[in-house]
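Protein chains: 2
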Amino acid sequence: MQQQARAIETRAAIIRGAAAAFEQRGYGSTSLAQVSAAAGVTKGALYFHFDSKEALAVAIIDAQHEQSAGAGQLLLEKDVPGLRALISMSYELARQLRDDLIVSAGVRLTIEAANFSTPVSAPYLDWMVTCEEFLRRAITAGDVAPTLDVPAAAAFFTAAFTGVQLVSDVLNGRSDIDQRLTEMWALLLPGLVVSERWDELKNLAADVQRERAAAAALD
Amino acid sequence: MQQQARAIETRAAIIRGAAAAFEQRGYGSTSLAQVSAAAGVTKGALYFHFDSKEALAVAIIDAQHEQSAGAGQLLLEKDVPGLRALISMSYELARQLRDDLIVSAGVRLTIEAANFSTPVSAPYLDWMVTCEEFLRRAITAGDVAPTLDVPAAAAFFTAAFTGVQLVSDVLNGRSDIDQRLTEMWALLLPGLVVSERWDELKNLAADVQRERAAAAALD
Chain A
26 MQQQARAIET RAAIIRGAAA AFEQRGYGST SLAQVSAAAG VTKGALYFHF
76 DSKEALAVAI IDAQHEQSAG AGQLLLEKDV PGLRALISMS YELARQLRDD
126 LIVSAGVRLT IEAANFSTPV SAPYLDWMVT CEEFLRRAIT AGDVAPTLDV
176 PAAAAFFTAA FTGVQLVSDV LNGRSDIDQR LTEMWALLLP GLVVSERWDE
226 LKNLAADVQR ERAAAAALD
Chain B
26 MQQQARAIET RAAIIRGAAA AFEQRGYGST SLAQVSAAAG VTKGALYFHF
76 DSKEALAVAI IDAQHEQSAG AGQLLLEKDV PGLRALISMS YELARQLRDD
126 LIVSAGVRLT IEAANFSTPV SAPYLDWMVT CEEFLRRAIT AGDVAPTLDV
176 PAAAAFFTAA FTGVQLVSDV LNGRSDIDQR LTEMWALLLP GLVVSERWDE
226 LKNLAADVQR ERAAAAALD
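For the protein sequence lines, the chains are A and B, in the order given.
Okay, so the first sequence: first residue is 26 according to this note's numbering, each after it adds one.
Okay, so the second sequence: first residue is 26 according to this note's numbering, each after it adds one.
It is worth saying that the hints were derived from the structure and are not from the lab.
All the given hints hold, so there is nothing to weed out.
Which copy is meant is left open, because identical chains are indistinguishable; a pair holds if it fits in one copy or across any two.
Below, computed lysine to any residue pairings styled on SDA-like, alpha-carbon distance capped at 25 Å:
(1) Lys-78 - Leu-196
(2) Lys-103 - Glu-158
(3) Lys-78 - Gln-59
None of these values were measured; they are calculated from a predicted model.
So that you can see chain A by itself, here it is in the shape it has in the complex (with noise of 0.2 Å):
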């Protein structure tokens, strides 16, 4: 039992370690060298956990993706209403990028993992997924009009949240995501919202952002 706990806590261990090496140099200029370095751990430990580098980025993009599709689930549980949870969880998204490392590191290794030997397009599925159930909550709602093309709208989410992240990455590591969000929300939101509701809706995402802020501010 002390063994397994104590194996639990290498494998938790390496892919922190991971996370750091990766982020500090991408994945392609890090060794395994670099990572058992960081993490601490002996190479031999290293490879009793994971057989090769590879190996070791899909564990963090596991990693990474449990821990951001549980929020998405959360708000899916707490039944927020469609269009709020939609918006909310990219602010979410946005908060772990910024605050943890795995998140980040594995956010990064999705992106580069285009020349993996097996493309990583699970996470990108699974949040077009999620989008499309917020969005047909919206349309129950009556916030949304029936006619929206749900899965393009989902996928579509999925991209530009994507889009947004990285170019505030580059641009200002991410300082600044949070009101780029907003803008796309502004920007978003007239093509989504049906007429009768655009009133009460149009300051959803600056209404969220600001909630947010106020609640983290309490913490």
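Position chain B against the provided structure of chain A, taking the given hints into account.
Then chain B, alone, in the frame of chain A:
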């Protein structure tokens, strides 16, 4: 003179070979020996032109950006109406990404360049400037409301295009990129076009996509 011409040719061959090698294996996992093999030049010739792998990547990014930005410049010079130019530009970039190895390698390297010693931000900033000019022309033409936050919209379109082409690349090698762009514009036009021009412009993206396909079929 002849020696200079040969040097220019060798440099271009190295850039093409490096683009092919980076596209195949990813930047981090490609060695300079693999680049010189792909380019059909000696390692000596390679080092004569480029003193590091990063210098090579930057040269590919520069070549790509020159070509892509040229298409934007052409639309500005030909006085294409702002909104139509903005939309045409997105399809033209998509075509270059599909048809031109230097462009697809350059865009991928730009995205992976977060770990370069000097981050590559110029292409994003250039695109934002071009999009701003298109949007200002659309405002002058009365297609877009003068209340639009032009820098915010230009920054978002640049980021959204980056994400759309990236996700399309991961999921199906960019085979659906034109369709994804048409869906993107369908979601964005309601937030851009003034109500008096809506009937005239609501199908602009689908129209541009169809016109480009017809023109390509004649080539």
